[in-house]
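Novice: Now for the letters of each chain:
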Amino acid sequence: MAFVQIRDMSVAFGSAPALRGISLSVERGEALGLVGESGCGKSITWLAALGLLPRSAKVGGSVLLDGVELIGASPSVLEPVRGGRIAMIFQDPASSLNPVHRIGHQIAEALALHRGLTGAPARAEVIRLLDQVGIPDAKTRANAYPHELSGGQNQRVMIAMALAGEPELLVADEPTTALDVTIQAQILDLLGTIRRDTGMGLVLISHDLGVVSETCSRIAVMYAGRIVEQAESAAIFANPSHPYTRGLLGAMPPISGPRQKLVSIPGSVPEASRMPQGCAFAPRCSEAIADCTRVDPAAVTVEANHLAACIRATPAKTGTRTPERVLA
Amino acid sequence: MLHYLGTRLLRATVSVVMVVTFVFIVLRMSGDPAVVIMGADAPPEAVDAFRTAWGLDQPIWVQYLSFFKAIFSGDLGQSMRDGRDAVAVVLERVPSTLALTVPAFLLNVGIGIPAGVYAALHRNTAIDRFVMVMAVTGFAMPSFILAMLLVLVFSVNLGWLPSAGQDSWLNAILPIVTMGFGGAALLARFTRSAMLEVLGQSYIRTASAKGLSWSAVVWRHALQNAAIPTVTIIGFMLGGLVAGAVVVESVFSWPGVGRLLVVSVSNRDLAVVQAIVLMIALTMVAANFVVDILYGLLDPKMQSQTRAARA
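If you're matching them up, the sequences are chains W and V in order. The first sequence runs 1 to 328 under the UniProt record's numbering. The second sequence runs 1 to 311 under the UniProt record's numbering.
If we strip away everything but chain W, and leave its shape as in the complex, we get:
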């Protein structure tokens, strides 16, 4: 059984759906990339799983962590999970740390919660963690406030804080988007090193297919609150089966070969409150056929471990086609 098993999860804010039936599983120790444009529901998936969305959000479906249901779970179930089994780091490290507390104190808080460390042992562990994430002069820096550190260092502090609870899975929500390119590579390297050392699983949320493919073995592509394709990273690049994935790949500059014009996807993501009938991507899709605007396609097995939710995706010969969902 998968470590985290998300089944048919939906999230709505008022009448606007943000997630429309997400099914996704993460194996223990796996590195999964979650890719899509901003607003497609990548972050909401994990905020909802950990019960971190505002009360106004209506969350449906199921998230099983080692078989324990998290959706609608009580605080006594969720609090040990948050930071203890699944930790999260966020896009803008500078605003994700409390400006009025020293960073050492903020890390020590997680140590006290999940490992019962206080006083001198906690202090020593804080310094070890800061050292582990590559903060120089950790002893002094533990007393710094977030505004005294750079964005990259603050993200390292966030990672140290996430590691403090010794989680089995780290959800990194666009961890490098707010950072300089050179720092981005350092942070991704750091995440890779930590995974090697601890065997921790990783969910890397990003809008950048390149970043994700370097770090993750499996990729799920999201569009307008649904997963449109998921497969091994190599398969996504070798055999992209959803037109949106192909669009994302076409918009990536190739590393080698002659210069060529990048192709952009025309149009923009539909608003949550004005979801088109049928496939949400159909209005932007260059390969759409008449049926696309009537039928919201279910995921089809294209090849082993490769699902695509496109009406035109060719199922593998041995694959089974799950029944289509027809919108009234």
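Hints may contain errors.
So the derived label-pair ranges between C-beta atoms look like this [stated by the list, open to error]:
#1 W:67 to V:200: 29 to 39 angstroms
#2 W:60 to V:292: 44 to 54 angstroms
#3 W:198 to V:129: 43 to 53 angstroms
#4 V:196 to W:118: 25 to 35 angstroms
Not close to chain V: a few residues of chain W, all C-beta gaps over 12 angstroms, as computed [to be verified]:
#5 3
#6 37
#7 268
These are calculated hints, taken from the structure and not from any lab test. Idealized CB from N, CA, C, for every residue including glycine.
Add chain V to chain W, keeping to what the hints say.
Specialist: Chain V in isolation, oriented as in the chain W frame:
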């Protein structure tokens, strides 16, 4: 730090000088104190003698200069009413005013902040709406209207509390409630919006994602951040501790500084008015200093700026 305090002090001095100057000019341009004090039908010789005695026959800039010279030698002049030292006349009223404003201030803080925090934490619930309706009412209703309503209910109709004077501690209740309610309303509104602002910040989500319980998130991560803007409002209230009761003291005939100010202005008792205004300006400045220090304690960024300024 010295540099920082120095600039603050210089700025404060400039504002005090400007306030005092303004009052000096306005008081002298808006009526002849000699005529007001001696009476309109006093013989001209008596009025002239009064003017000479108080230096009012000098050109205004001479009066102004000698006024400032006197301030720096600690002499704020004598009351034109009874010849007593103006500072002494004012100081003997201070305890009466503090007897109203200090309890009112405690009410402001003791009710306003918890109400604001509670409303923010229970946003869009019935309690939140109730708190906000009370806050808007308290904020929008002028204190003299509230004062008269309270007198109508508790003195006239119910007969529980006296409506004027300073005969016993019972007399203080209505003025304190009047001032306490308005200030608490203001503070509740500001605290609520400061708290809502903070609760929407990413670091609150981080604190929850870390596994902290909601109450720990609120106590350890939200309150101190929300306190930073709230302290500004509390500073204003502190600045009003000495002089904040002008209207309320007048309505309830409470013999404090505020009432003395009203009486002295209508009597053109220049030295007393100037002494009061100077004292108000000084308490405002002192309150601002307190706020600056509190900022430093609450907001580490301020400390770094101070350190940077020192370096």
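Novice: With reference to the structure, classify each hint as holding or not holding.
Specialist: Against the structure, the hints:
1. Distance hint check: the CB atoms of residue 67 of chain W and residue 200 of chain V are about 34 angstroms apart, consistent with the given range 29 to 39 angstroms.
2. Between residue 60 of chain W and residue 292 of chain V the beta carbons are some 51 angstroms apart, a value that agrees with the proposed interval 44 to 54 angstroms.
3. Under the hint 43 to 53 angstroms, the C-beta atoms of residue 198 of chain W and residue 129 of chain V, about 49 angstroms apart, fit the expected range.
4. At roughly 32 angstroms, the beta carbons of residue 196 of chain V and residue 118 of chain W sit within the given window of 25 to 35 angstroms.
5. Residue placement check: residue 3 of chain W keeps its beta carbon more than 12 angstroms from all beta carbons of chain V (closest about 18 angstroms).
6. Distance check on residue 37 of chain W: its Cβ is at least 21 angstroms (rounded) from any Cβ of chain V, clearing the 12 angstroms threshold; non-interface status holds.
7. Every CB of chain V lies more than 12 angstroms from the CB of residue 268 of chain W, the least distance being 26 angstroms, so the non-interface label holds.
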